[in-house]
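Asks: One-letter residues, chain by chain:
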Amino acid sequence: MKTWRYYWRNGDRRHVMLMGYLFICPVVIYSLVTAFVPMAVSFYLSFTRYNMLTPAKWVGLANYRTILFADDLFRTALRNTAQYAVEVLPANIILSLGLAVLVNRAIRGITLFRTAYYLPVVTSIIAASMIWLWIYQPDAGLLNLLLSRFFHLPPIDWLGNPRLALHSLVLMRVWKGVGWNMVLYLAGLQGIPGYLYEAAKIDGASPAQQFRAITWPMLKPVTYYIIIMGLISTFQTFGEIYAMTRGGPLDSTTTVGFLIYQRAFSYFEMGEASAIAFILFVIIFGLSLLNVKYFQYRG
Amino acid sequence: MKRILAVAVFSVLLLSMPVFAQKTTVTVWFAGTPQGFMDVINNELVPEFEAANPNIDLTVSFVPWGELSTKLATAFAGGVAPDVFMHGGAATAGFAASGRLEPLDSYLAGWPDAADFGATLESGLYKGKRYLVPMFGAGRLLVYRADFFREAGLDPAKPPTTWEELRAAATALAVKKDGRLVREGLDLPIAGIDAQQIWAGLLWQNGGDFFNEDSTKAVFNSPEGVAALEFLVGFIHKDGVTDTRYDVGQSTAPPPMALGKTAMFFAVPEELNQIKTYSPEVYKEVRVALPLKRKAQVTLYSFSGLFLSKDSKHKAQAWEAIKFFGSKSSLAKINASMGTLPPRKSLATADFIAHDPNIKAFVEGMQYGKPNPNIPTWVKCRDALSRYIEKAIFGQLSPKEALDQAAAEVDKILAQQ
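Protein chains in written order, with my numbering: chain G, 1 to 299; chain U, 1001 to 1417.
Pulled out of the complex, with its shape left as it was, chain U reads as follows (with noise of 0.2 Å):
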């Protein structure tokens, strides 16, 4: 009686388990905390795909963007890592140096919508495997004031197309009184990577980069790369139309183009943004130009998305929810709620982009767009730089010198990689 009791009980319990085990927890930390963005994830996305798919339940974080290379490294360290988590194109190549990412280029196969990416999957490509879901994108573009070009006698709806351009116009728009800058011809950030990524863009448009064809040797230190630095430090140096005010860490200050303080500056989509918030009558001037042209018409873009951990145990329900963040209904939300680029083709339309020329001068930018360099020593290789390109800033070093002591520097991370 006994031993039918146990085998009849042990029975029910086999014949339940599937039951319970159909339910699988997914974890997805997205990153930055914007309000609108955790509302739309949270009220609308999750319970959406969560009805959708009953056998899968979503556990959702939010990390703010300092945190989270942390916060991911000290997961993996510990055997906690989420199964899909959010971060930057140039987290690509880190993360799967070091065998942390599942390569999604089977699963794309069979996603008819891959094709609407277009060319930001390649943001997480990688040793010619691709890693990434793109969710976001952000590029730099030069910003200006309409009503201050009017005022120096220039054509607002013809901004700057070549260095040339640029440099007169800079010259222009400048205000100086009793011999000091009241306002800046372009406001140009003197340290960090800001600094490093306008450097960027003007080394790409002269037909410059930043490593050899293998990403064995730093070539940014060319005549073309120097020349690009040259044109950046002489605004400051030469001309005098830009100020050497130190912007690192202080992004609580008002925006200087709301202030009046400058007439021009490169900016990201964010940016316009905190003008926009700061002062709705000034963001009226605001108007957003292409990219200048030299040997290339050409800026930085980049793409932020989402990634599939390697130490996933349910990487089939993973690619569910994948595939549903990056649905086009869920970027349309997803962008409209933090004013970000979607990197959709088809979402190039969307209503919030038609309804701001600004943000659609930066969706059509991203046709001349470029990604920051993916190697696995990404991060210390920009600091590097940037350090260096900091010194030219200031005139502790002449660009020349300056970009072959970076690249001499470079080369030792990249040896050690």
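With the rest of the complex left out, here is chain G (with noise of 0.2 Å):
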């Protein structure tokens, strides 16, 4: 048969560069449409102030500064962001291991466990709100009624006591990441080769030594790869914020992904919502950058 290589080397190229791009356009005609295209205006609308019912008008850097140099909420909302993010992955890292270690072997119905820790992460994001929602409700709610039954403690407001908010909803975000982080840990274990741990063994290292020289250096790309996405989806947390608690109380849970959903949305801010969304970007990107480096020099 002949390839495109041939037809490259002895017929005529242009014909085999048509049939090169005629293959992407799918594609690239695809995230033209519905990514480079809306970032590309978007980008141009962060310089402007447009509310879409009047065309927009240029104002150049007026945005940025304003949303750097004097608009509180966006840095409290860039603070629960981080906080978020520091809470949430960390704990996420630690769970999904653990669970993945202890799914990770042959014994009867441990595709259950596996199912039952993945379920969360197919749950639709407001779903789950809705039924965290009721869970952390301070009268009627699951954890309340468990709490004051068996250690007699007096009702928890989880998501209306400013101090508590953000801290519940980590714990639900947490829960609905753990199955996610636990499968690629998993697929992780599974591809350590056993001849490691028997030289180990031979060698008379413990489980901890194994564990701590052997599974978490295998396990490095995977623990690089969840950090990373991690980062970007918790910068970009808006879902169960708008479900749950609108940025309340006290702009307790307002996150930089829901305050750009509040200027673009509530007040038709479209210039300054798009603003924030670059400055996100190079935050997140500036991030995964540390992150690249760090694990670059570390091994």
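Hints in this document: simulated from the structure, not taken from any laboratory.
C-beta: ideal position from N, C-alpha, C; glycine also.
Warning: the hint list may mix true and false statements.
[Claimed, not checked] Below, computed lysine to aspartate or glutamate pairings styled on EDC-like, alpha-carbon distance capped at 20 Å:
#1 U:K1261 x U:E1271
#2 U:K1261 x U:D1194
#3 U:K1176 x G:D139
#4 U:K1412 x G:D71
#5 U:K1412 x U:E1213
#6 U:K1176 x U:D1239
#7 U:K1323 x U:D1105
#8 U:K1177 x G:D139
#9 U:K1370 x U:D1116
#10 U:K1412 x G:D72
#11 U:K1328 x U:E1048
#12 U:K1261 x G:D139
#13 U:K1261 x U:E1285
#14 U:K1400 x U:D1209
#15 U:K1284 x U:D1351
[Unchecked claim] Chain G stretches covered by chain U per the calculated footprint, using a threshold of three residues with CB under 8 Å from any CB of chain U:
#16 44-58
#17 154-164
#18 249-258
#19 265-273
[Said to hold, decoys possible] Short, incomplete list of chain G residues facing chain U, as computed with Cβ under 10 Å:
#20 L73
#21 P138
#22 D139
#23 A140
#24 R246
#25 Q262
Mind assembling these two chains? They're in different frames, but the hints should get you there.
Replies: Below, the structure is given as structure tokens:
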């Protein structure tokens, strides 16, 4: 059979190129229409004032200046988002690794457990939020019911106390995300060659030593992937905030993602909203870059 | 021959065009998706209108309130806005200032029914022009449980009429056990629009207002406004008769009054409906009081209705549709389907109102109603204000500090306007 290489060397190169472009056409058009053009327009809008009803007005860097230097709510949102990420990520990594080690064995019915831990991942965030709203409900919620029955604790307002609300959301997010990372770790665990452990055993390494010297280093690429993806997704957190707290109480759960939504679709300040989105992009990009450098440097 | 044929075909086409063109399509977006409301529009009113106006085709959609502003803005930006759309009266200024609304004054002048709407037409007033034909309204009134009143030795026929009486009643009605509040004397929303709306009622009762005459400066941090917020916060921090239960986004939870967790709260008619649905037994004990009186007897009432888009290509036909939905019989059906307040004076005695003394009280209270200020940046001002009211409620700032800081922020928003 003649391959494209044959035609490239001996035939009509233009034809080969055309065919190539034709094949990538669907995905190129798709990305252009749904991602690149909107991104470009949004970048342009970040230098304007635009309320969707009257034409956009060029204001230069004014939006960026306001947000970076005179927007208390943006600072609060950034702090909340960072705190959220800092709490969610380590908890998620420790738990999902633990679960992965636990379910990485050949005992009967283990798939049932794997499925159970994975279920929250495929649950829609809005549906999950509704359930957790009920779990956290101060008067009739499941959590307070259990706490008062078994520990005789007074009702706690999990989402209504400004000091607790963000942590309550963290707990739910960890529950929601742990299954996904567990599967990643599980795949990572199963890719570690068994002879490494055998060699370690012969050398007399304890299970803890095996974990520290073999499992953890071998899982580094997975951890690295989980941290980057986790950073991106926690920094974009929106769904549960919208469904559960609307950023309150006292702005304690206002994340940058929610702030963008509020500016864009409550106040119709598309310019400011776009500018926040690009600042968020720079932050996520910077953090990811740091992460890459760190892992390259360490190993 | 060929030419004659071409001319003949062309003239036939030309002649038949008006026949096709006679039928105009008018698109209408209704806000809200209660089943009863949609049924009335789809199964009764639209067929009725189309039968009476064979030349107009109505294309009707229902948009959830939460998505309404977003969808409208997108539709206007994309040039596919509906001819007629429903929104709250407070949305008037934003759309009118952007030049997207057709003023209705000249249309209203030729419509004898307009007088029947009375002051409710003012809901859509912006810079001296009217833009809205109201469809239904809601107000905030004090709702209380007669059984708890009797239990506390109060007369259910004499609800509080002043701030002092409200405070005394709330104290008498609160029930504490082991130092914890098991029944609130008065349930107050502690955040968001609801908290802001209740404070607004108190602000007006105390003789204060939001903005100066030409809406260029915030004046709600006046001594009247501060006293109103101090009064509100007092229920929580001084008297301890109100919980700080956070209720934003938790409308799925059963109403606290239906659970017996509170004796009084400021409700909109929809919340009465929720109690009725959750527990018809409790609803029998629920009563509605007229607005409190201090310097004035007043509370927030707002109306939603139909706007005519400036971009509409069939304004005459669109106005026919608005007139039809605003007719007495249409409004009776629409309001009965949702338990809302009809904006027409002649409907104050309609059947569905006469049957429920609580809805009747809401209709009676309409005469003390006052709408939100109509300024283009209202949503943003309101949210800024809500955030500071929340800070005062949580005790982070004193009422005066909170309102002063809110006023400074609102002034900045007004300056951008």
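Asks: Against this structure, judge whether each hint is valid.
Replies: These are the hints, each one checked on the structure:
Our distance criterion of 20 Å between C-alpha atoms is met by K1261 (chain U) and E1271 (chain U), whose separation comes to about 15 Å. Only pairs whose Cα atoms come within 20 Å are accepted, and K1261 (chain U) paired with D1194 (chain U) is accepted, the gap being roughly 19 Å. Under the criterion of a C-alpha separation no larger than 20 Å, the hint pairing K1176 (chain U) with D139 (chain G) is consistent with the structure, at around 15 Å. Restraint check: the Cα-Cα separation between K1412 (chain U) and D71 (chain G) comes to about 12 Å, which is no more than 20 Å; the hinted pair holds.
For the hint linking K1412 (chain U) to E1213 (chain U), the alpha-carbon distance of about 17 Å falls within 20 Å, and the restraint holds. Proximity of K1176 (chain U) to D1239 (chain U) is assessed by CA-CA distance (about 12 Å); at most 20 Å being required, the pair is judged to hold. Simply put, K1323 (chain U) and D1105 (chain U) have alpha-carbon atoms about 13 Å apart, close enough for the 20 Å limit, and the pair holds. Taking the CA atoms of K1177 (chain U) and D139 (chain G), the gap is near 15 Å; set against the 20 Å cutoff, the hint holds.
Using a Cα cut-off of 20 Å, the hinted pair K1370 (chain U) and D1116 (chain U) holds, with the two alpha carbons roughly 18 Å apart. Our distance criterion of 20 Å between C-alpha atoms is met by K1412 (chain U) and D72 (chain G), whose separation comes to about 14 Å. Between K1328 (chain U) and E1048 (chain U), the direct Cα distance comes to roughly 14 Å. Compliance with the 20 Å bound is thereby established for this hinted pair. Between K1261 (chain U) and D139 (chain G), the direct Cα distance comes to roughly 9 Å. Compliance with the 20 Å bound is thereby established for this hinted pair.
The straight-line distance between the Cα atoms of K1261 (chain U) and E1285 (chain U) is roughly 14 Å, inside the 20 Å bound, and the hint therefore holds. Taking the CA atoms of K1400 (chain U) and D1209 (chain U), the gap is near 15 Å; set against the 20 Å cutoff, the hint holds. Between K1284 (chain U) and D1351 (chain U) the CA atoms are separated by roughly 19 Å; this keeps the pair inside 20 Å, and the hint holds. Only residues whose C-beta sits within less than 8 Å of a C-beta in chain U count toward coverage, and the stretch 44-58 of chain G has 4 of them, enough to reach three; the restraint holds.
With 6 residues having a Cβ less than 8 Å from any Cβ of chain U, the stretch 154-164 of chain G passes the three-residue criterion, so the hint holds. Interface restraint, the stretch 249-258 of chain G with chain U: holds (3 residues with C-beta to C-beta distance below 8 Å; minimum three). Figure legend: the stretch 265-273 of chain G, annotated as covered by chain U; annotation consistent (4 residues with Cβ-Cβ distances under 8 Å, at least 3 required). At a threshold of 10 Å, the smallest CB-CB gap from L73 (chain G) to chain U is about 8 Å, leaving the interface hint in force.
With a cut of 10 Å, the hint placing P138 (chain G) at the interface with chain U holds, because the nearest CB-to-CB distance is about 6 Å. At a threshold of 10 Å, the smallest CB-CB gap from D139 (chain G) to chain U is about 6 Å, leaving the interface hint in force. With a cut of 10 Å, the hint placing A140 (chain G) at the interface with chain U holds, because the nearest CB-to-CB distance is about 7 Å. At about 5 Å, the closest approach between the beta carbon of R246 (chain G) and any beta carbon in chain U falls short of 10 Å, and the interface hint on this residue holds.
Among the interface hints, the one on Q262 (chain G) holds; its C-beta lies about 8 Å from the nearest C-beta in chain U, closer than the 10 Å criterion.
The structure shown violates none of the earlier numbered hints.
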